[in-house]
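There are 2 protein chains.
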Amino acid sequence: MAESQSHPYAPADLKLEGYVPVVLPQSTIIGIYFGVSIFVVSLIWIFSGRFPKITKVDRLLMCWWVFTALTHSILEGYFTFSPEFYKDKTAFYLAEVWKEYSKGDSRYAGRDAAIVAVEGITSVLEGPASLLAMYAIATRKSYSHILQIAISLGQLYGAFVYFITAFLDGDKFAASTFYYYSYFVGANSPWIVIPTLITIRSWKKICAAMEAFQGQNKTKTR
Amino acid sequence: MAESQSHPYAPADLKLEGYVPVVLPQSTIIGIYFGVSIFVVSLIWIFSGRFPKITKVDRLLMCWWVFTALTHSILEGYFTFSPEFYKDKTAFYLAEVWKEYSKGDSRYAGRDAAIVAVEGITSVLEGPASLLAMYAIATRKSYSHILQIAISLGQLYGAFVYFITAFLDGDKFAASTFYYYSYFVGANSPWIVIPTLITIRSWKKICAAMEAFQGQNKTKTR
Chain A
1 MAESQSHPYA PADLKLEGYV PVVLPQSTII GIYFGVSIFV VSLIWIFSGR FPKITKVDRL
61 LMCWWVFTAL THSILEGYFT FSPEFYKDKT AFYLAEVWKE YSKGDSRYAG RDAAIVAVEG
121 ITSVLEGPAS LLAMYAIATR KSYSHILQIA ISLGQLYGAF VYFITAFLDG DKFAASTFYY
181 YSYFVGANSP WIVIPTLITI RSWKKICAAM EAFQGQNKTK TR
Chain B
1 MAESQSHPYA PADLKLEGYV PVVLPQSTII GIYFGVSIFV VSLIWIFSGR FPKITKVDRL
61 LMCWWVFTAL THSILEGYFT FSPEFYKDKT AFYLAEVWKE YSKGDSRYAG RDAAIVAVEG
121 ITSVLEGPAS LLAMYAIATR KSYSHILQIA ISLGQLYGAF VYFITAFLDG DKFAASTFYY
181 YSYFVGANSP WIVIPTLITI RSWKKICAAM EAFQGQNKTK TR
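These protein sequence lines are chains A and B, in that order. First residue of the first sequence? That's 1 in the UniProt record's numbering, and the numbers climb one at a time after it. First residue of the second sequence? That's 1 in the UniProt record's numbering, and the numbers climb one at a time after it.
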């Protein structure tokens with residue numbers, strides 16, 4: 001019956017039996033994430049330039065899709081299937097990420113059902129689909145735009161559920177104002193802004209094609 | 001300090017201060033829902049026949065979109081904005097619907113955050129969008145298929161969150177096996193089956209148009 005290690009998360013009455021404190025410094029955790037991401041994105045940028053007739057926008061989109069695929073599949077995938085990450089004693093990087101991020105949203109350490117459901121859908125379905133989107137752009141597949149919209153809307157739906165449930169449950173899961181704005185708000189914002197932009201762009205492309213297709217088939221009534 | 005009215009929901013330790021029992025018989029509640037739905041769907045079926053060159057599949061889809069629009073906006077819209085429906089003393093139909101449905105999933109009466117988030121997105125965004133989808137089919141808009149996919153994927157995402165959170169939280173919210181299968185599973189199944197079919201159909205239509213459009217613009221590499 002050892003005294004439970006106290007944790008740095010909010011609310012203070014959150015029970016985390018067997019919690020082991022984060023070991024790596026914040027700068028190391030974030031540095032590795034950005035470092036690996038920049039390395040992979042650079043590879044994709046260089047590699048994508050070899051495809052014929054590919055635009056810079058498409059190359060940027062390939063970079064986004066590989067970045068978001070890795071985040072979904074590896075980071076969020078680890079969280080989805082590791083309910084006891086906060087007990088990790090080995091300073092394993094992915095456990096450290098979620099121990100650190102839980103300062104911005106303790107529902108991760110607390111294993112809130114809405115969080116696990118959204119992260120499960122994101123990591124299992126949207127992660128692999130994002131890799132497919134990168135491939136579809138490179139090889140000019142006819143499903144490229146509709147796939148990009150499907151994943152982007154899924155990311156937006158997930159973000160909506162994420163923020164709405166936080167507010168409904170009292171918006172009390174950040175350890176401080178700093179973590180609230182940097183982790184809870186800041187780290188999630190790209191997954192609202194970028195999917196919105198991609199959805200608008202691909203929506204217009206599809207509408208233009210449908211318009212031309214309908215005209216070509218002379219099925220349009222006027 | 002009146003003794004709280006006991007409720008018929010599971011789990012028994014759910015606290016519902018001020019609960020007023022359902023008054024209308026189950027057959028009346030379901031009968032009104034089906035009666036109104038069949039009436040509206042019949043109107044749309046007849047009315048849609050007057051559009052030129054419209055296929056029977058498109059007319060059926062218009063019926064589906066109006067049915068799901070009304071369910072989302074009225075039934076689910078009422079739930080979203082009526083946190084105290086279980087205290088209603090007037091036998092108001094929409095309150096009766098959710099008092100009855102809570103026998104299959106008490107998270108509705110209990111105001112579970114994931115449920116409210118999904119129902120909020122469904123009623124506020126997907127309800128009006130479904131009406132727009134009906135209009136888009138009738139008037140052959142170029143965004144018809146992409147809009148149908150967007151709403152259908154939203155319905156599927158909502159259903160995933162709905163079922164996954166129930167299981168993660170112990171799958172203990174139905175008052176009996178009957179209510180579990182008829183309400184929790186049965187009443188939600190159409191919103192898995194039909195959106196899946198619509199997504200597949202519209203996905204194929206969009207891909208065919210993109211294929212033709214790419215060929216026509218001679219941008220395809222092979």
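Don't take every hint at face value.
Unchecked claim - To give a feel for the contact side, a few chain A residues facing chain B, derived at Cβ under 8 Å:
#1 V116
#2 A117
#3 Y157
#4 T165
#5 L168
#6 D169
#7 I192
#8 T196
#9 I206
If you are wondering where the hints come from, they were derived from the structure by calculation, not from laboratory data. For every residue, glycine included, the Cβ atom is placed at its ideal position computed from N, Cα and C.
Going through the hints against the structure:
1. V116: holds (6 Å)
2. A117: holds (4 Å)
3. Y157: Holds: closest Cβ of chain B sits about 5 Å from Y157(A), inside 8 Å.
4. T165: At about 4 Å, which falls below the 8 Å cut-off, the nearest Cβ of chain B leaves the hint on T165(A) intact, so it holds.
5. L168: L168(A) check passes; min Cβ-Cβ to chain B is 4 Å, inside 8 Å.
6. D169: holds (5 Å)
7. I192: Constraint on I192(A) not satisfied, violated at 14 Å.
8. T196: violated (13 Å)
9. I206: holds (5 Å)
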